[in-house]
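Dock chain X with the ligands against the given chain D, drawing on the hints supplied.
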Amino acid sequence: MEKLSQLIIDIGRLWEGYGNSYLRGIGNTLILALVATAIGCIIGFFFGVLNTIPVSENEHPVKRFFLGFVRVIIRLYVEVFRGTPMVLQAVFLYYGLPYITNNALRFSSIWLASIIIVSINTGAYMTESVRGGILSVDPGQTEGAKAVGMNHFQTMSAVILPQALRNIMPQIGNNFIINVKDTSVMFIIGFPDFFAAHRSATGATYLYFPSATIEMIGYFSLTLIASFLLRRLEKRMDGESSYELAAADPLVMTAGTYKHAERSRK
Amino acid sequence: MRNRENAILEVRDLRKSFGNNLVLDGIDFEVYSGDVISIIGSSGSGKSTLLRCINQLEMPGSGEIYYRGEDVLVRGVNVSEYRAQVGMVFQSFNLFYNMTVLENCIVGQVKVLGRSKEEARERSLEYLNKVGMSAFVKAKPRQISGGQQQRVAIARALAMDPDILLFDEPTSALDPETVGEVLAVMQDLAAEGMTMLVVTHEMEFAHDISSEVFFMHKGKIHERGTASELFENPGQPETIDFLRRFRTGRAF
Ligand SMILES: Nc1ncnc2c1ncn2[C@@H]1O[C@H](COP(=O)(O)OP(=O)(O)O)[C@@H](O)[C@H]1O
Ligand SMILES: [Mg+2]
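Chains D and X, in that order, are what the protein sequence lines are. Note that numbering that gives the first Met the number 0 has the first sequence beginning at 0, numbered continuously upward. Note that numbering that gives the first Met the number 0 has the second sequence beginning at 0, numbered continuously upward.
If we strip away everything but chain D, and leave its shape as in the complex, we get:
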């Protein structure tokens, strides 16, 4: 009990001195996670769609070669960025760019660098999710679309991708929640996120446990709210669970039934 009141007092002290810094950190974390997840989804959809363009044998050889080449590149991208830690990717790109270009190019802002790195990382995961999401749509949907004369692009945009998007909503949500937490590694290049606020607060006060408590509560609230909102969004995408009949009495509109021999033959 005594410890608890001590903790509350310490948290109060921290908040007095660094409350704004924590809040700004939360804001930055949230913005980075949102923007990077969105861009990552766009990357994922772009590559995922490229990856699932059907390559049939009677296609033009140049087109086949090109599609094959694109697939190899995407494969490489996915493997590299899924297979290495994001904290390392951040260092690698942030310091690598000026190193390789002899300082001709460098990231002009920490924000830009962070957004690019987290987006590329998210994109690698989303590329695989989108591919899976597209493949999990019933092949009959494509046939139905082709049968009414839709081309590949129309089939994808009107029929397949909306269903794929719904299929992978849980994974998008998952990626967002992971990003909220994992953007904390971007302190390595100096990004002022929520966890960075902890580092600066404790550097001066040495109140590690009270500050960590603030961080735990902060991150947990963020991800909890995110999960809740995502559920709501998924429900909305599913639409009404029941439908309204357009006419007062549906029976009037029902088609008759076919009976052999009752009708005259041709």
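Everything labelled a hint here was simulated from the structure, so no lab data went into it. Given the structure is predicted, the values throughout are model-derived calculations rather than measurements. We put the beta carbon where it would ideally sit given N, CA and C, even for glycine. Only true hints are included.
Simulated crosslink set (DSS-like; lysine-lysine; CA at most 25 angstroms straight-line):
| # | chain 1 | residue 1 | chain 2 | residue 2 |
| --- | --- | --- | --- | --- |
| 1 | D | K234 | X | K137 |
| 2 | D | K258 | X | K129 |
| 3 | X | K129 | X | K116 |
| 4 | X | K116 | X | K137 |
Listing some non-contacts, in silico: residues in chain D with all C-beta distances to chain X over 10 angstroms:
| # | residue |
| --- | --- |
| 5 | I41 |
| 6 | G95 |
| 7 | I109 |
Then chain X with the ligands, alone, in the frame of chain D:
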């Protein structure tokens, strides 16, 4: 009247293999305006593959398909445009799950035929009404029965103003009590002069509506004739054998 120049569809020596499995072994026939051709035959005889080759969901191995005199298998043909004229109704309905009943009927008209939303909507309602589904415009496919889905699928195909409609076992996936409602819609279409190619196991129905019946066997049109010829006086032993398995005691 029935000479090749005015055939809607002309199929010449069509062949198709999957690996070394020869599934279509030289198919020849023409379809004229108003024809209602039923295709019967046992499972695996190539009926679905024939329909799928006709609207190019499968690429035939060899042979020709002429649509109103134009070879549609050569390179450079606008396949989408052609498919819009040849409607297809599938055994598994294949309605778009992400759209309502009404949107299912609208989307092709707007995207493929370039009709305005309002015109597409009006036509959709007209055809949904025709198949008795206009009360369900707001429903999603997964919320209605199989028979209702299939009637919507027919409306979706009709809304494209097709020249010819292909049906691949449209009632095979349905509960017995909903088969009748789909057959009734098809019978009305046939009576109105719609040109149709119907793969079916509903022998009485085929007998009632068909202007011609094809019996397929091992990738060939093994026997063909008018409904009464084929059902009442089949000539080939395979046809007789096949039909015996479908007799229900009723005379046809
Ligand atoms: N996509 C495919 N790949 C390989 N074999 C196929 C494919 N589609 C059909 N077949 C084969 O072709 C034969 C004819 O099939 P199908 O046309 O569906 O017959 P039906 O509709 O008369 O039952 C069957 O042996 C089937 O296994
Ligand atoms: Mg079949």
